[in-house]
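Engineer: Please model the entire structure based on the sequences and the hints provided.
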Amino acid sequence: MGFNLATIASESARSHPGKVAVISGDHRITYAELDQLSDRFASNLRARGIRPGDAVGLQLPNLPHFVIAYFGLLKAGAVVVPMNVLYKADEVGYILRDSETRLLITWAGVAEEAAKGAAQAGLSDLVMVTTPGTTAPRDSVAFESLLAEQPGPPPFHQSDPGDTAVIVYTSGTTGRPKGAELTHFQLFMNADTPGRLFGVRDDDVILVVLPLFHIFALSSILNVCARFAATMTLVPRFDVATVLATIERDRVTVFEGVPTMYIALLNHPDLDRYDVSSLRVGISGGAPIPAEVIDAFERRFGIVILEGYGLSETASTTTFNVSAEDRRVYSVGRPIWGVQVEVWNEHGAALPPGREHIGELVVRGVNVMRGYRGNPQASKDAFTGGWFHTGDLGYVDEDGYFFVVDRKKELIIRGGYNVYPREVEDALYTHPAVAQAAVVGVPDALLGQEVKAFVALHPGQDLRPEELIEHVKARIAPYKYPRSVEFRAQLPMTAAGKILKREL
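Quick note, in the UniProt record's numbering, the sequence shown goes up one by one and the last residue is 504.
Warning: the hint list may mix true and false statements.
The list that follows gives simulated cross-link-like pairs (lysine to aspartate or glutamate, EDC-like), each with its CA atoms no further than 20 Å apart [to be verified]:
1. Lys473 - Glu503
2. Lys19 - Asp203
3. Lys409 - Asp381
4. Lys409 - Asp444
5. Lys408 - Asp462
6. Lys19 - Glu342
7. Lys452 - Glu503
8. Lys473 - Glu112
9. Lys409 - Glu503
10. Lys116 - Glu100
11. Lys452 - Glu470
12. Lys501 - Glu410
13. Lys409 - Glu360
14. Lys19 - Asp202
15. Lys380 - Glu346
16. Lys473 - Asp90
17. Lys408 - Glu450
18. Lys19 - Glu33
19. Lys501 - Asp444
Simulated from the structure, these hints should not be mistaken for lab results.
Structural biologist: The structure is reproduced here in structure tokens:
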């Protein structure tokens, strides 16, 4: 049996050839054009030596090139490795090495860090997308060259449904990022099932301001749009005025975002100047959305916000409030079709319903990853009897609606982006004056959480917080570095010599 996830785009090209698939400013691409362009891209990938099963990095902002390359890679049988455009060289290099990437498709706006990371990984094959104001390195390959006509029929690799289609890099609070392997069938099901439950229509226009390299946008927007021939309108960077203008211009019907985006939209001083009457629903994920934000936004915009829950390891959607009529406000909804969720105590026993029975959420079903790329021990540790440990704490009510209340681990969610304390701590420790470092999340009214570092210096050393922040800022992505540093003579420790973060 063969099945390739790119079928969702090809079938929509057959059924809705003239329908607009992608809007980017004044530029529009129909489903027929997307199918043709991704065919050419797949053909030229093959001509460059990319073979089925090869991993290819895709490090682009929300541009039409991402959508074309994504489906072209799948058609060629390649494994897509989405990568954050904010990554620094060390982060790029690690992911390229770990995934054994053969080719990196990146953006000229981040060319310097991308090239350095590629060099660290021993990778010289870079395909570069240029946009106004950016310049590609001389030794890179222009993206447009992979859209040239190729003789003969384009490739459409007949993957096995269980073959890996995408590797999404994630991480716990310690150690290096891990690559969650998601299959063609899993990603199809996590487009088809939520799309049907939610009632996505071919006349929907869905705003894409969440980064496409993130599993939320990749699985829950791009794949869903392609599956149901909806239109996606791309916004490369979140700016409130730009988002509101795009909603008005393109008559956007669905807005999907993280809580900080809803807060920013709600508080924009010129909100009344924009016509947002086309919106029919909002979808929130990535982090718990405060109840007061839901209430205020729904009153102001006259639409409902449907909240869901998922992880990179579960191909995004796991639970969801599917409609205004079938939702439990402030919950993350119920499991989607083919997915089971339970709440376990520390002994692995399922807890009964009720908010007094808080435990770890565990998941099994069609959406759960194959495992972590090249890391059998981490894969083994993540599962118990086929159930995936999410690391999130919550409870379920009598009607099967789940509520997420806290993080079991120390993950910080800053404006919908995951920040892993260990990565920040490693960067802090590269400064010669730092003796001890601990990074925690502190409450923030706009972002949900902000990154704070507690630091003890070596004896005789003197350092200003601003100096240390700049030191870290140069080594990791902009959303990760600490915005505040508190110096202590020493950090609280356990008898075993571990820093007591809970006291901090």
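Engineer: If a hint holds in the structure, say so; if it doesn't, say that too.
Structural biologist: Hint by hint, here is what the structure shows:
Restraint check: the Cα-Cα separation between Lys473 and Glu503 comes to about 26 Å, which exceeds 20 Å; the hinted pair is violated. The straight-line distance between the Cα atoms of Lys19 and Asp203 is roughly 9 Å, inside the 20 Å bound, and the hint therefore holds. For a cut-off of 20 Å, the pair hint linking Lys409 to Asp381 stands: about 15 Å separates their Cα positions. A hinted pair counts as satisfied when its Cα atoms are at most 20 Å apart, and Lys409 with Asp444 qualifies at roughly 19 Å.
Between the alpha carbons of Lys408 and Asp462 the distance comes to roughly 35 Å, so the proposed pair goes past 20 Å and is violated. At roughly 41 Å between alpha-carbon atoms, Lys19 and Glu342 are farther apart than 20 Å, so this suggested pair is violated. As the CA atoms of Lys452 and Glu503 are separated by approximately 14 Å, the hinted pair is consistent with the 20 Å bound. With a CA separation close to 16 Å, the supplied pair Lys473 and Glu112 stays within the 20 Å bound.
Pair hint Lys409 plus Glu503 holds up; C-alpha atoms about 15 Å apart against a cutoff of 20 Å. Proposed proximity of Lys116 and Glu100 is supported: the alpha carbons are some 16 Å apart, at most 20 Å. Between Lys452 and Glu470 the CA atoms are separated by roughly 14 Å; this keeps the pair inside 20 Å, and the hint holds. The suggested pairing of Lys501 with Glu410 holds, with an alpha-carbon distance near 9 Å, which does not exceed 20 Å.
Our distance criterion of 20 Å between C-alpha atoms is met by Lys409 and Glu360, whose separation comes to about 11 Å. Annotation: proposed proximity of Lys19 to Asp202 holds, straight-line Cα distance about 9 Å (limit 20 Å). Between Lys380 and Glu346 the CA atoms are separated by roughly 18 Å; this keeps the pair inside 20 Å, and the hint holds. Of the pairs offered as hints, the one joining Lys473 and Asp90 holds, with about 13 Å between alpha carbons and a cut-off of 20 Å not exceeded.
Between the alpha carbons of Lys408 and Glu450 the distance comes to roughly 18 Å, so the proposed pair stays at or under 20 Å and holds. At roughly 10 Å between alpha-carbon atoms, Lys19 and Glu33 fall within 20 Å of each other, so this suggested pair holds. Distance restraint check for Lys501 and Asp444: the Cα-Cα separation of roughly 18 Å lies within the 20 Å cut-off, and the hinted pair is therefore satisfied.
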